[in-house]
Amino acid sequence: MSSLQYPDDLRYTSDHEWIRDVGDGVVRVGITAYAQDALGDVVYVSLPSVGDQVAAGDSCGEVESTKSVSDIYAPLAGEVTSVNELLDATPELVNTDSYGDGWMYELTLADASVLDNLMDSAAYEAQLD
Amino acid sequence: MSGSATKTSPLHDKHVGLGAKLADFSGWSMPIEYPGGGVVAEHTAVRERVGLFDVSHLGNALVSGPGAKDFLNRCLTNDLERIEPGKAQYTLCCDQDGGVVDDMIAYLRSDDEVFLIPNAANTARVVELLQASDHRPEGVRVENQHHDYAILALQGPLVDQVMEELDLPTGHDYMSFVPAQWQGAEVTVCRTGYTGERGYELVCASDAAPALWDALMTAMGAHEGLACGLGARDTLRTEMGYALHGNELSDEITPVMARTGWAVGWGKEEFWGKEALTAQKEAKESRLAGGLVVTGRGIPRAGCRVVDGAGQEVGVVTSGTFSPTRKQGIALALLDRGTDQGSELTVEVRGREIPVQVSKPPFVEGGAAG
Numbered sequence: 038m039s040s041l042q043y044p045d046d047l048r049y050t051s052d053h054e055w056i057r058d059v060g061d062g063v064v065r066v067g068i069t070a071y072a073q074d075a076l077g078d079v080v081y082v083s084l085p086s087v088g089d090q091v092a093a094g095d096s097c098g099e100v101e102s103t104k105s106v107s108d109i110y111a112p113l114a115g116e117v118t119s120v121n122e123l124l125d126a127t128p129e130l131v132n133t134d135s136y137g138d139g140w141m142y143e144l145t146l147a148d149a150s151v152l153d154n155l156m157d158s159a160a161y162e163a164q165l166d
Numbered sequence: 008m009s010g011s012a013t014k015t016s017p018l019h020d021k022h023v024g025l026g027a028k029l030a031d032f033s034g035w036s037m038p039i040e041y042p043g044g045g046v047v048a049e050h051t052a053v054r055e056r057v058g059l060f061d062v063s064h065l066g067n068a069l070v071s072g073p074g075a076k077d078f079l080n081r082c083l084t085n086d087l088e089r090i091e092p093g094k095a096q097y098t099l100c101c102d103q104d105g106g107v108v109d110d111m112i113a114y115l116r117s118d119d120e121v122f123l124i125p126n127a128a129n130t131a132r133v134v135e136l137l138q139a140s141d142h143r144p145e146g147v148r149v150e151n152q153h154h155d156y157a158i159l160a161l162q163g164p165l166v167d168q169v170m171e172e173l174d175l176p177t178g179h180d181y182m183s184f185v186p187a188q189w190q191g192a193e194v195t196v197c198r199t200g201y202t203g204e205r206g207y208e209l210v211c212a213s214d215a216a217p218a219l220w221d222a223l224m225t226a227m228g229a230h231e232g233l234a235c236g237l238g239a240r241d242t243l244r245t246e247m248g249y250a251l252h253g254n255e256l257s258d259e260i261t262p263v264m265a266r267t268g269w270a271v272g273w274g275k276e277e278f279w280g281k282e283a284l285t286a287q288k289e290a291k292e293s294r295l296a297g298g299l300v301v302t303g304r305g306i307p308r309a310g311c312r313v314v315d316g317a318g319q320e321v322g323v324v325t326s327g328t329f330s331p332t333r334k335q336g337i338a339l340a341l342l343d344r345g346t347d348q349g350s351e352l353t354v355e356v357r358g359r360e361i362p363v364q365v366s367k368p369p370f371v372e373g374g375a376a377g
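Going line by line, the protein sequences match chains A and B. Residue numbers for the first sequence follow our numbering, so the first one is 38 and each next one is one higher. Residue numbers for the second sequence follow our numbering, so the first one is 8 and each next one is one higher.
Hints in this document: simulated from the structure, not taken from any laboratory. It is possible that part of the hints are untrue.
[To be verified] Each pair of labels, with its calculated beta carbon distance range:
| # | chain 1 | residue 1 | chain 2 | residue 2 | range |
| --- | --- | --- | --- | --- | --- |
| 1 | B | M224 | A | D46 | 37 to 45 Å |
| 2 | A | A126 | B | G43 | 21 to 29 Å |
| 3 | A | S105 | B | M224 | 24 to 32 Å |
[Said to hold, decoys possible] Computed far set for chain B versus chain A, every beta-carbon distance over 10 Å:
| # | residue |
| --- | --- |
| 4 | T13 |
| 5 | L25 |
| 6 | K28 |
| 7 | E40 |
| 8 | E55 |
| 9 | G93 |
| 10 | Q103 |
| 11 | A192 |
| 12 | G238 |
| 13 | L251 |
| 14 | A286 |
| 15 | E351 |
| 16 | Q364 |
Ideal placement from N, C-alpha and C gives every residue a C-beta, glycine not left out.
The shape of chain A in the complex, shown without the other chains (with noise of 0.2 Å):
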């Protein structure tokens, strides 16, 4: 359990998923260590469509392990700009690497300063106790 780890240069939701600032307004969201490994084995994920207007909060898609399912939220109100349709064929990288090939989409934030309203690594992982 203890090798689960949490980035400090994302940041995070009680929804256990992650954000990533990759600039110009655009953030990159996943899921986390530990949503992951509470799911176990992912192997079917359905993700928002390129286009599609999000408010925070909103479900957007899902991710299904072979034990549950769980939603995926919009952390923040946007536009999806972008998927990651390596996911189709190899949902098994929200496993093994959910910081990295498992990212899920990309959203164009309608408003890129609320991102500070995120919590932080710290303040994740202490709620998770």
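Take the given structure of chain A and dock chain B to it, following the hints.
Quick look at chain B alone, frame taken from chain A:
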């Protein structure tokens, strides 16, 4: 994850030591999966090599005394006259309406002694019904021995090699059992399982279980065997189309509907639910169990509606999962009569429509009886 499970297996410390993810199964805290494995790896180990499950949450009940077999034969659906002592039989305990109180394995030891392995959640109810039955001769006792035994299931094509390393019996017929000794402990070795693969279920006293678990784990090591949780047990049984009580069988889903009529002794003079089940069988109206294979993407889950091209409901999913062997979604479902094999249907999964094809289980070929 759940704090409500109050009962633990005699092997609980082993699971904790291995770092297993534990979950509540009918009040029992049992492993779902182990680190270094996971459902898919554990599933694959059983299909290709060998895996070891702790299924001690399953119940144990002893029916003994003069006429024990004849008594049970008037209650449970299957016909114990079909088997000899030393054989086990899949059977059902129904209510008067034909609903299924539980399904179980009955080990016929003699005319006067039958050992039952019902499901965790239903053992107490089955024991109560048998104890309260008017049919029960005075000398026949029905004892709930749920906490006295551990049950280990060793499953997979390499299973005999592992058993032989412990000098445990192998090679007896499918659904037969052999009493054995292992390091001074009595172990009943039955050619049964719930995975579709060749395998044995080992029943021993609770205090003998930890050493037996360790010895089997060590012997499996040479064959890249894995400790397997109940997550893999569920994907394995779903691939085989095996019924799970609470999903494919229930107080509303009868053996006629579940197509487990082969486990009913229709010619017997009596068994619980005979009248209702015979009427339902002859009426040919109820939905029937079938299988669905996802042709698009997604995973059907229990309770999802199955609809035809016109949007008309033609069934409901009873179990659904991702098949690690076929790498696609599969489901067991209750379908309207007349739904043809190969029909293209749709399953409604949380607002999405997933295309499926009707396909008779098993979804993979197992070697259980081979």
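(Q) Hint by hint, where does the structure go against what was stated? Just the numbers, ascending. (A) Structure breaks hints 6, 7 and 12.
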